[in-house]
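*Asks:* Single-letter residue listing:
There are 2 protein chains.
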Amino acid sequence: MNPKRALVISSSTAMQRTALSHREGGRRIGVVPTMGALHRGHLALISRARELADVVVTTIFVNPLQFGESEDLLRYPRNLEKDVELASDAGTDLVFAPSNEEVYPAGFSTYVEVEGVTGPLEGKSRPGHFRGVTTVVAKLFQITQPHFAVFGQKDAQQVVVVKKMLRDLEMPVEIVVVPTVREPDGLALSSRNVHLTAQQRSEAPILYRALRLGEQILQDGERNCDAVRGSMRDLIASRSSGSIDYVSIADGEELEESVDARPGHPLLLSLAVRFGTTRLIDNVTVVP
Amino acid sequence: MNPKRALVISSSTAMQRTALSHREGGRRIGVVPTMGALHRGHLALISRARELADVVVTTIFVNPLQFGESEDLLRYPRNLEKDVELASDAGTDLVFAPSNEEVYPAGFSTYVEVEGVTGPLEGKSRPGHFRGVTTVVAKLFQITQPHFAVFGQKDAQQVVVVKKMLRDLEMPVEIVVVPTVREPDGLALSSRNVHLTAQQRSEAPILYRALRLGEQILQDGERNCDAVRGSMRDLIASRSSGSIDYVSIADGEELEESVDARPGHPLLLSLAVRFGTTRLIDNVTVVP
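Listed in order, the protein sequences are those of chains W and A. Sequential numbering from -8 applies to the first sequence in the numbering used here. Sequential numbering from -8 applies to the second sequence in the numbering used here.
It is possible that some hints are incorrect.
[Claimed, not checked] Quick list of in silico lysine to any residue cross-link-like pairs, SDA-like style, CA-CA up to 20 Å:
| id | chain 1 | residue 1 | chain 2 | residue 2 |
| --- | --- | --- | --- | --- |
| 1 | A | K73 | A | A28 |
| 2 | W | K154 | A | S100 |
| 3 | A | K154 | W | S100 |
| 4 | W | K154 | A | G98 |
| 5 | A | K154 | W | E93 |
| 6 | W | K154 | A | E104 |
| 7 | W | K154 | A | E93 |
| 8 | A | K115 | A | R41 |
| 9 | A | K73 | A | S90 |
[Unchecked claim] Have a look at the derived ranges for each label pair, beta carbon to beta carbon:
| id | chain 1 | residue 1 | chain 2 | residue 2 | range |
| --- | --- | --- | --- | --- | --- |
| 10 | W | R158 | A | L43 | 30 to 36 Å |
| 11 | W | S100 | A | D63 | 27 to 33 Å |
| 12 | W | E92 | A | G177 | 44 to 50 Å |
| 13 | W | E165 | A | E213 | 56 to 62 Å |
| 14 | W | R158 | A | D63 | 27 to 33 Å |
| 15 | A | E213 | W | A97 | 29 to 35 Å |
[Claimed, not checked] Per the computed footprint, the stretches of chain W lying under chain A, defined by three or more beta-carbons under 8 Å from a beta-carbon of chain A, are:
| id | stretch |
| --- | --- |
| 16 | 0 to 11 |
| 17 | 67 to 78 |
| 18 | 96 to 105 |
| 19 | 129 to 138 |
| 20 | 151 to 159 |
Since the hints were derived computationally from the structure, they do not count as laboratory data. Quantities reported herein were computed from a predicted structural model and do not represent experimental measurements. Every residue, glycine too, gets a C-beta built ideally from N, C-alpha and C.
Please model the entire structure based on the sequences and the hints provided.
*Replies:* And the structure:
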C-alpha cells in the first residue's frame, strides 16, 4: 500500500471551510488530535479513524497551553515532515498543523475549563494542564468539525475530561478510545520515551509491571485499595530508580480515590513516575 | 398574517438532532437566544433572523448561571405560553425551551470563560455573570447549531464578549446585532422594566437622556472623557432618584475606559442605574 500524501493545512479558516464542505457533502469526519512526534500508538488511532470515517483529519499541534512553566514544552520532539509521512501512510487525508500564533493570536483570552475530574492525578501534578487540553480540543473541534474523535487510552484522564466537556456542553462529537500500544516489554509508547537514557529505558517497564501487579492483587480478592497501592509503590521503589509522582486506584468515571474495591465496579489504576527529567504515565482498567 | 405556532422542544438531544438534520438539508439556521419575557426588542431580533434564515430557532431559558446570588433570578418574569405565541407571530419556527436540569444536569462542571473584556462594566458589577453567559451561549450553539445568531445592541458588552468567544474558539457562528428598541420617551425595552414603580418609570428615561447628553458633548468637540462622564452623572443625580452603578466611556472593542476622545475612533457610552431593586442598563456608540 502506498497511499497518497495527506494535504497539510495550517490556516484555521481554510481547515474549517474544508471541514464544513465535507459535512455538507454528507461525509463523516474523524479527527485524531496529536502533538506530533507520531509513534505506533498514534498510528493505531489514525488506523481506527480510517476504518470509521470518510475523511480522516490528523491535527498536529504542540499546545503550549497544556504545558506548565517548568515542563518540557521546549524539548518536546517536533518533526512535521516525518509526521505527515507517517500520518499519510496510516490513512490520514488531511493534516491540520497550525502555528502557535494561528491557535493563540495576540489577545486570545477564552478558556474552556472542566472542574471536578480535572482535580486529581495529572491535574494535581500539572496545574492548568487540563484547562489547556480542553481549550485546545474545543477549538480544534470547532475548526475540524468532526463527527468523532479518536483518543488513546494511554491518557486515561484526558479521555474522561474530554468526554465530560462534550457531555456538559452537548458538543455533538463521539469519542472513540483505542487501547494503549506497548513495547514488547510492556512500556507504553510515548513521544517522551526518546528522552530516556539506556538505563532509564531498561527500568521504565516497571510502570506497567506495577499496574499488572495491582491488577493481579485485586483479582486475587484484595479489597483494601491502600494495600494494593502499597504493593505497587514497593515494587517501583525496590526495582527502579524512578521517583513516584502518584500511584492511584480510583473510580473510573469520577476519578475519586477508592477505599474498597467492589466486585463489578471498574477501577482505573494509574501512575506517574519520573526518571530523571522524564515523566512517564500509564494506566489499566480493572473490574474486580 | 397568521403564522403557525412554533414547535416547542425541551430536549437538548431532540433539538440538536433537528438542527443537524436541517444543516444536512442545506438549510440556514438562525438562533435568537433569549430569557423569555419577550418584548418588542426580542421580536425585532426574531424578525431579523426571519429575514436571514431558513429556520429560525428562538431559545427561551432563564439561565441561573448568569445571575449573582443577590440578583433577581427568582423574580425574573416567566410566561412560556405567551412567549411561544409572540415568538411564533414574529416568525419563529422552533422554540427551544429547556428546563434547568436539562441544561445543567447534576454534576455539570464545564465552563467557558472569556477573560479581559469581561472585567469592566457589567463584569465588575456582576461577578460571574459573563461566565454564565458564555457557558450557556456556547452550549446553546452546540445544541441549536446555528449559522448565525442575533443579539440586541442593548446588551453591548454581551455582544463584545460573545464575539470574542466565537473568534477565540473559532466557532463558525456569525453574530448579527440589532439596534436597541425604545419606548417613545427613550427608555430601552427590557424585561425588567415591569418591576419599575410609576415614579421610577417616569424617571427611567434619564439613562437614555444622559447617553444623548454625553454624545452631544462629544460631538460638540469635548475631548476630555472625564468631563463628559461628569456631566452625564450630574444629569442623572440632579434629575432622578436613580443610584448610579457606573457611567462609562470606553473603547468600543477592548472596553477600556477612554481618557481622551479621538476623532474617528468609536466609543461605547454605557451606564447602569438602579431604581430601588431594579437595575437598568443602556448604551450608545459614538464616533466623535
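*Asks:* All hints, please: hold or fail.
*Replies:* Here is how each hint holds up against the structure:
1. A:K73 to A:A28: Distance of about 8 Å is within 20 Å: holds.
2. W:K154 to A:S100: holds, 12 Å
3. A:K154 to W:S100: holds, 12 Å
4. W:K154 to A:G98: Cα-Cα ~13 Å, so holds.
5. A:K154 to W:E93: Distance ~18 Å between A:K154 and W:E93 Cα, so the pair holds.
6. W:K154 to A:E104: Status holds; Cα separation ~19 Å.
7. W:K154 to A:E93: With a Cα-Cα distance of about 18 Å, the restraint between W:K154 and A:E93 holds, given a limit of 20 Å.
8. A:K115 to A:R41: violated, 35 Å
9. A:K73 to A:S90: holds, 17 Å
10. W:R158 to A:L43: 30 to 36 Å: holds, 31 Å
11. W:S100 to A:D63: 27 to 33 Å: holds, 29 Å
12. W:E92 to A:G177: 44 to 50 Å: Holds - the Cβ-Cβ distance for W:E92 and A:G177, about 45 Å, lies within 44 to 50 Å.
13. W:E165 to A:E213: 56 to 62 Å: Given a distance of about 58 Å, which is inside 56 to 62 Å, the answer is holds.
14. W:R158 to A:D63: 27 to 33 Å: About 30 Å separates the Cβ atoms of W:R158 and A:D63, which means 27 to 33 Å holds.
15. A:E213 to W:A97: 29 to 35 Å: holds, 32 Å
16. 0 to 11: holds (count 3)
17. 67 to 78: Since 0 is below three, the answer is violated.
18. 96 to 105: holds (count 8)
19. 129 to 138: holds (count 5)
20. 151 to 159: holds (count 3)
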